[in-house]
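J.: Sequence:
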Amino acid sequence: MNTVSAVAAQRLPANSLPSDREFAWTKPFLLQHANWIEPLKYEYYDCDIESLASDRKFDLVARRGITSPCPVTLLSSRRRYAFWRSWNHISDNKENLVMLRYVKSGEFSLSQCGVTMKVGPGQFAISRSNVPFRWESLANDMTLSEYYSILLPLDLVHRHFPNGIPLKNRLCTPAEWRLAMPTLFSMLSGQGRELERHVVDLLIETLLTEAQCVVQGAGVPLEARKHISEKRHEEILAYISLHLANPDISASAVARGCGISPRYLCHLLKLKGTSFSDLLWEERLKQTGEWLLALDTRHYTISEIAYMNGFKTAAHFSRLFRSYWGCSPREFRQSEGKRATRPLGHVEGESPRYLC
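Take the sequence shown: its position 29, counted from the start at 1, is 293 in the numbering used here, and no numbers get skipped.
Calculated from the structure, these hints are not laboratory results.
Some hints here could point you the wrong way.
Stated by the list, open to error - Simulated pairs of lysine-lysine, DSSO-like, Cα-Cα distance not exceeding 30 Å:
1. Lys534 <-> Lys550
2. Lys321 <-> Lys382
3. Lys432 <-> Lys368
4. Lys550 <-> Lys576
5. Lys358 <-> Lys495
6. Lys382 <-> Lys495
7. Lys432 <-> Lys382
8. Lys432 <-> Lys495
9. Lys536 <-> Lys550
10. Lys550 <-> Lys495
11. Lys321 <-> Lys368
12. Lys495 <-> Lys534
13. Lys536 <-> Lys432
14. Lys534 <-> Lys576
15. Lys536 <-> Lys602
16. Lys550 <-> Lys602
17. Lys536 <-> Lys358
18. Lys550 <-> Lys382
19. Lys536 <-> Lys495
20. Lys602 <-> Lys576
21. Lys550 <-> Lys432
22. Lys534 <-> Lys358
23. Lys358 <-> Lys432
24. Lys536 <-> Lys576
25. Lys382 <-> Lys368
26. Lys358 <-> Lys382
A quick note: this is a predicted structure, and the numbers were derived from the prediction, not measured.
Can you build the whole structure from these sequences, using the hints too?
T.: Here it is, written out as structure tokens:
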């Protein structure tokens, strides 16, 4: 796997970046004197990149536009690739930025907050650097795929989205509208460095105002922003769900992964009327119930499903499963969940909402 983090260059000051701000992954990093990739990565946020092409090669070109106040980049490729940011990246680099991606050509897939959406030409989507995501090019016939990306500070975005940032929707304008966003991105990436700062600020404000109008016109449901304790609780649940297979996961490990102290983690769970141990076992038992019924995991034996969800012995799993679901794992699977004594809402695919 090829990763941006494979670049072993030293971090350099911002004024050492080349003037053309262009980098192509078709050649070795250091042969292109591309040591600016590493400081840029640490200046903003960590992520990994992988080639999905059959020959495992890259032809990705990143053209940097303005770098201040909000970095703008145009990324182009004819081969498939994917960027992703996981909880491990987030725990190592806690930058809290908002990314708006506008697709110029081709088609992309964005997975975050439990949903996967396709984003095509003329559409845009929003991500946050403190929420795991995967951005994948869907090019399969060597056609050109391009998108603009802008990194935005959270306070600026909240001025335009005071009731929450839509993270589960790809957005586009009605047919009768003419979107100014591609023109704004073209100016910011092409001529942005020659413009006065107040003009750049105005262009960015206009871009966000248009995004706000599109969201309002699309009727995207938004919730009021959550209290910090609610956000932390969601982060704890998300981290646990990603590490259920680890039989040795502990409260201290989860706290470290979420960037909080073990004492604060226990305090947050106490506010919800639970403990770390109870929450962990409940999440494991919910997921094993889901896997026992899901078509893509039905070929696994009950013992395999137990081990894959962090249970150390089949006997311990069976005992806890019966206590939680009211029947044995075998009875649960054979009856398609009908023998369960508690609702199957979670098993039937209910997913949490993520709006920040």
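J.: Indicate, hint by hint, whether the structure satisfies it.
T.: How the hints compare with the structure:
1. Lys534 <-> Lys550: holds, 20 Å
2. Lys321 <-> Lys382: With a Cα-Cα distance of about 23 Å, the restraint between Lys321 and Lys382 holds, given a limit of 30 Å.
3. Lys432 <-> Lys368: Roughly 20 Å between the alpha carbons, so the hint for Lys432 and Lys368 holds.
4. Lys550 <-> Lys576: OK: Lys550 and Lys576 at ~17 Å, within 30 Å.
5. Lys358 <-> Lys495: holds, 15 Å
6. Lys382 <-> Lys495: Holds: Lys382 and Lys495 sit about 26 Å apart, inside 30 Å.
7. Lys432 <-> Lys382: holds, 11 Å
8. Lys432 <-> Lys495: holds, 16 Å
9. Lys536 <-> Lys550: OK: Lys536 and Lys550 at ~18 Å, within 30 Å.
10. Lys550 <-> Lys495: With Cα atoms ~22 Å apart, Lys550 and Lys495 stay inside 30 Å; holds.
11. Lys321 <-> Lys368: holds, 22 Å
12. Lys495 <-> Lys534: Measuring from Cα to Cα gives roughly 15 Å; hence the hint holds.
13. Lys536 <-> Lys432: At roughly 26 Å apart (the allowed maximum being 30 Å), Lys432 and Lys536 satisfy the hint.
14. Lys534 <-> Lys576: Since the Cα atoms of Lys534 and Lys576 sit roughly 27 Å apart, the hinted pair holds (cutoff 30 Å).
15. Lys536 <-> Lys602: holds, 29 Å
16. Lys550 <-> Lys602: Answer holds: Lys550 to Lys602 is near 15 Å, not above 30 Å.
17. Lys536 <-> Lys358: Answer holds: Lys536 to Lys358 is near 25 Å, not above 30 Å.
18. Lys550 <-> Lys382: Roughly 29 Å between the alpha carbons, so the hint for Lys550 and Lys382 holds.
19. Lys536 <-> Lys495: Status holds; Cα separation ~13 Å.
20. Lys602 <-> Lys576: Roughly 27 Å between the alpha carbons, so the hint for Lys602 and Lys576 holds.
21. Lys550 <-> Lys432: The hint holds at about 23 Å.
22. Lys534 <-> Lys358: Since the Cα atoms of Lys534 and Lys358 sit roughly 25 Å apart, the hinted pair holds (cutoff 30 Å).
23. Lys358 <-> Lys432: Roughly 22 Å between the alpha carbons, so the hint for Lys358 and Lys432 holds.
24. Lys536 <-> Lys576: holds, 27 Å
25. Lys382 <-> Lys368: holds, 14 Å
26. Lys358 <-> Lys382: Roughly 27 Å between the alpha carbons, so the hint for Lys358 and Lys382 holds.
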